[in-house]
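S.K.: Chain A is already provided as a structure; the job is to place chain B on it using the hints.
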Amino acid sequence: GAVVSQHPSWVICKSGTSVKIECRSLDFQATTMFWYRQFPKQSLMLMATSNEGSKATYEQGVEKDKFLINHASLTLSTLTVTSAHPEDSSFYICSARQGISNQPQHFGDGTRLSIL
Amino acid sequence: GESVGLHLPTLSVQEGDNSIINCAYSNSASDYFIWYKQESGKGPQFIIDIRSNMDKRQGQRVTVLLNKTVKHLSLQIAATQPGDSAVYFCAEGQGYNKLIFGAGTRLAVHP
Chain A
1 GAVVSQHPSW
11 VICKSGTSVK
21 IECRSLDFQA
31 TTMFWYRQFP
41 KQSLMLMATS
51 NEGSKATYEQ
61 GVEKDKFLIN
71 HASLTLSTLT
81 VTSAHPEDSS
91 FYICSARQGI
101 SNQPQHFGDG
111 TRLSIL
Chain B
1 GESVGLHLPT
11 LSVQEGDNSI
21 INCAYSNSAS
31 DYFIWYKQES
41 GKGPQFIIDI
51 RSNMDKRQGQ
61 RVTVLLNKTV
71 KHLSLQIAAT
81 QPGDSAVYFC
91 AEGQGYNKLI
101 FGAGTRLAVH
111 P
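From first to last, the protein sequence lines stand for chains A and B. 1 is the number of the first residue of the first sequence in the working numbering; add one for each residue after it. 1 is the number of the first residue of the second sequence in the working numbering; add one for each residue after it.
A hint or two may mislead.
[What the hints assert, rightly or not] Over the 12 angstroms line for every Cβ pair with chain B, so calculated as not near, a few chain A residues:
(1) Lys14
(2) Asp27
(3) Asp65
(4) Asn70
(5) Leu116
[What the hints assert, rightly or not] Interface residues of chain B toward chain A, partial, derived using beta-carbon atoms under 8 angstroms:
(6) Leu8
(7) Pro44
(8) Phe46
(9) Ala103
[What the hints assert, rightly or not] Computed list of lysine to aspartate or glutamate pairs in EDC-like fashion (alpha-carbon distance at most 16 angstroms, straight line):
(10) B/Lys98 to B/Asp31
(11) B/Lys98 to A/Glu59
(12) A/Lys14 to A/Asp88
(13) B/Lys42 to B/Asp84
(14) A/Lys66 to A/Glu87
(15) A/Lys64 to A/Asp88
(16) A/Lys41 to B/Glu39
(17) A/Lys55 to A/Asp65
(18) B/Lys42 to A/Asp109
Derived from the structure by calculation, the hints contain no laboratory data. All residues carry an ideal CB built from backbone N, CA and C; glycine is no exception.
This is chain A alone, in the form it adopts within the complex (with noise of 0.2 angstroms):
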């Protein structure tokens, strides 16, 4: 139980293109979506808090306009990098948490974004 699913896994695409990744929780409802950024043999950066049929709760530092989330059902989360540039390459890891109490949070596989 508890399967998160990341879609792309890997995306390579030319500067200044958006790109969408999806995050959808399979099994269960999760009322509380969040995106991480993790760059090579760091931690995991987290970047916004999304809860669903509201606006995302962005981290310090993180441009709103440059990461577009939108969590519109209880099973699906979108990150969109829009206008994406060699400095946003990295892996993108989502999480998911039941809406219930006393979950942890799930994680998807991530994408990994390459800007050319």
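M.R.: Just chain B, lined up with the frame of chain A:
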């Protein structure tokens, strides 16, 4: 033994030995702690969690110890196996809300 690498400290153990991975957390207000295992190219996998009203919790082959006095968390893995090789992250939080991740420790299991 333990060594500091370029970014991640590494713990090297022999297969079959017990492993202890340590973590110091920063926020005395944190009341929820969790350990994740991350294999190369994958997302973190939940191992075990503990609330601040406990000081020890056991799972299958794993034990988490919490010392609130010194803000220290440890993960013990019994009879370490090659499949345990990965990067292990501790994380702290308040309630079950956002988590703050530690730097991570690479566990290398040698036959």
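S.K.: A separate judgement is required for each hint: does it hold in the structure or not?
M.R.: Verification of the hints:
1. Lys14: holds, 23 angstroms
2. Asp27: Holds, since 15 angstroms exceeds 12 angstroms.
3. Asp65: holds, 21 angstroms
4. Asn70: holds, 19 angstroms
5. Leu116: holds, 20 angstroms
6. Leu8: holds, 6 angstroms
7. Pro44: holds, 5 angstroms
8. Phe46: holds, 5 angstroms
9. Ala103: holds, 5 angstroms
10. B/Lys98 to B/Asp31: It holds: about 12 angstroms lies between the C-alpha atoms, which stays within 16 angstroms.
11. B/Lys98 to A/Glu59: holds, 10 angstroms
12. A/Lys14 to A/Asp88: holds, 12 angstroms
13. B/Lys42 to B/Asp84: Judged against 16 angstroms, a Cα distance of about 14 angstroms means the pair holds.
14. A/Lys66 to A/Glu87: holds, 12 angstroms
15. A/Lys64 to A/Asp88: holds, 14 angstroms
16. A/Lys41 to B/Glu39: Distance ~12 angstroms between A/Lys41 and B/Glu39 Cα, so the pair holds.
17. A/Lys55 to A/Asp65: holds, 12 angstroms
18. B/Lys42 to A/Asp109: Distance of about 5 angstroms is within 16 angstroms: holds.
The structure agrees with every numbered hint stated previously.
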